[in-house]
Amino acid sequence: MNLDLIFFLLLALIAVATALGMLLSRNAIYSALFLVLNFVTVAVFYLLLGAPFIAMAQITVYAGAIMVLFLFVIMLLGAESLPQEQVLPWQRPLAVLLALALAIESTFIFLTRARPLGDVTQPDESVNTVTNLRALGEALFTQYLLPFEVTSILLLVAMIGAIVLVRKEKRVP
Amino acid sequence: MIPVNYYIILSAILFTIGVVGVLIRRNALIIFMSIELMLNAANLAFVAFSSVIRSFSGQIFVFFVIAVAAAEVAVGLALIVEIFKSKRSIDVDQLSSMKG
Chain L
1 MNLDLIFFLL
11 LALIAVATAL
21 GMLLSRNAIY
31 SALFLVLNFV
41 TVAVFYLLLG
51 APFIAMAQIT
61 VYAGAIMVLF
71 LFVIMLLGAE
81 SLPQEQVLPW
91 QRPLAVLLAL
101 ALAIESTFIF
111 LTRARPLGDV
121 TQPDESVNTV
131 TNLRALGEAL
141 FTQYLLPFEV
151 TSILLLVAMI
161 GAIVLVRKEK
171 RVP
Chain Y
1 MIPVNYYIIL
11 SAILFTIGVV
21 GVLIRRNALI
31 IFMSIELMLN
41 AANLAFVAFS
51 SVIRSFSGQI
61 FVFFVIAVAA
71 AEVAVGLALI
81 VEIFKSKRSI
91 DVDQLSSMKG
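As given, the protein sequences belong to chains L and Y, one line each in that order.
Just so we're aligned, residue 1 is where the first sequence starts under my numbering, counting upward by one.
Just so we're aligned, residue 1 is where the second sequence starts under my numbering, counting upward by one.
Simulated from the structure, these hints should not be mistaken for lab results.
Take the hints with a grain of salt, since some may be wrong.
[Unchecked claim] Among the chain L residues that face chain Y by a calculated CB cut under 7 Å, a handful are:
id	residue
1	ALA12
2	ILE14
3	LEU35
4	VAL40
5	VAL42
6	PRO52
7	PRO93
8	ALA95
9	PHE108
10	PHE110
11	PHE141
12	LEU145
13	GLU149
14	THR151
15	ILE153
16	ALA162
[Unchecked claim] The following label-pair restraints were derived from C-beta to C-beta distances:
id	chain 1	residue 1	chain 2	residue 2	range
17	Y	LEU23	L	VAL44	25 to 31 Å
18	Y	MET98	L	LEU145	16 to 22 Å
19	L	ALA65	Y	LYS87	47 to 53 Å
20	Y	SER55	L	VAL44	34 to 40 Å
21	Y	ILE53	L	ALA101	40 to 46 Å
22	Y	ASP91	L	THR142	19 to 25 Å
23	L	ALA101	Y	ALA42	48 to 54 Å
Predicted model only: the values in this text are computed from it and were never measured.
All C-beta atoms, glycine included, are put in the ideal place defined by N, C-alpha and C.
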C-alpha cells in the first residue's frame, strides 16, 4: 500500500465522517460547520486530481460564501433545533433501507458493468499549475463563452429574485 | 496511483448520505444542506472523470455547477426566510397548507 492510497483513504474517511456528522447533528449550526469541513476535504480531493482552480473556487464559493449565508440564516431565524416528534414511525427505517439499496446498487453496477477505466493521472512535473490554469481560462473564454455569459444572467436573476422575495410589502391604504 | 473507481465510490457514498438527509430530516435548512452535499458529490465524480480522460470539460462543468448552486442558495434561503416569517417555523411537516 503506497502513500497516495493511505492519504486518499484518510481523506475519504474524513469526508464520510463529516457528512454523517452533518446528517446526525441535532443542532443546525453544528451541521453547517461539519458541512464546511466536508467541502474543504473535497477541495483537497480536487487538488489531488490536478484541478487547483476548482479547488480554490470550491473553498471560496462553497465554504466561504454559501456556508456563511447558511450560518447567517440559521442564527437570524434562531432555528438551531426543532422539537423531535416522529410523525411517521416507519419513515426513518424505510429511508435508511432505500438509501442503502441505492448505494449498493450504484456501486455494484459501476464495479461490474462499467468499462474498465484507467488510473487518475497525477499532476506531473512537466505540466505546471500556470499552464494548467491558462488552458482552463482559454477553454472557458473561447469554447464555453456562451454558457459563461448565461451564468452571469442567471446570477443576476437570482439576486433580483432574492431581493424581491424578502422585500417588505407596501401597505395599500 | 489511485484507481478512479475509488473516487466514484466515494462520490456515490456522499450522494447517498445526502439522499438520507433529504428523506429523514425535517428541518428545511438541513434538507437544503443535504442538497448541497449531493451537488458536491456529483462535482467530485465530474473532476475525477475529467482527470482520467485528460480534458478540461469536466472542470468547466463543475465551475458552472458551483455558480448555479450559489444562485440556488440565494433564492432558496430567501424562500425559507419568507416561510419562517409567515409560519414561525421551518419544519417541513407543518408546511401542509396546500394539502387538498
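Against the structure, the hints:
| no. | hint | verdict |
| --- | --- | --- |
| 1 | ALA12 | holds (5 Å) |
| 2 | ILE14 | violated (11 Å) |
| 3 | LEU35 | holds (5 Å) |
| 4 | VAL40 | violated (11 Å) |
| 5 | VAL42 | holds (6 Å) |
| 6 | PRO52 | violated (10 Å) |
| 7 | PRO93 | violated (9 Å) |
| 8 | ALA95 | holds (4 Å) |
| 9 | PHE108 | violated (10 Å) |
| 10 | PHE110 | holds (6 Å) |
| 11 | PHE141 | violated (10 Å) |
| 12 | LEU145 | violated (11 Å) |
| 13 | GLU149 | violated (12 Å) |
| 14 | THR151 | holds (5 Å) |
| 15 | ILE153 | violated (10 Å) |
| 16 | ALA162 | holds (4 Å) |
| 17 | LEU23/Y with VAL44/L: 25 to 31 Å | holds (29 Å) |
| 18 | MET98/Y with LEU145/L: 16 to 22 Å | violated (42 Å) |
| 19 | ALA65/L with LYS87/Y: 47 to 53 Å | violated (27 Å) |
| 20 | SER55/Y with VAL44/L: 34 to 40 Å | violated (22 Å) |
| 21 | ILE53/Y with ALA101/L: 40 to 46 Å | violated (30 Å) |
| 22 | ASP91/Y with THR142/L: 19 to 25 Å | violated (49 Å) |
| 23 | ALA101/L with ALA42/Y: 48 to 54 Å | violated (20 Å) |
Hints 2, 4, 6, 7, 9, 11, 12, 13, 15, 18, 19, 20, 21, 22, 23 from the earlier list are contradicted by this structure; the remaining hints agree with it.
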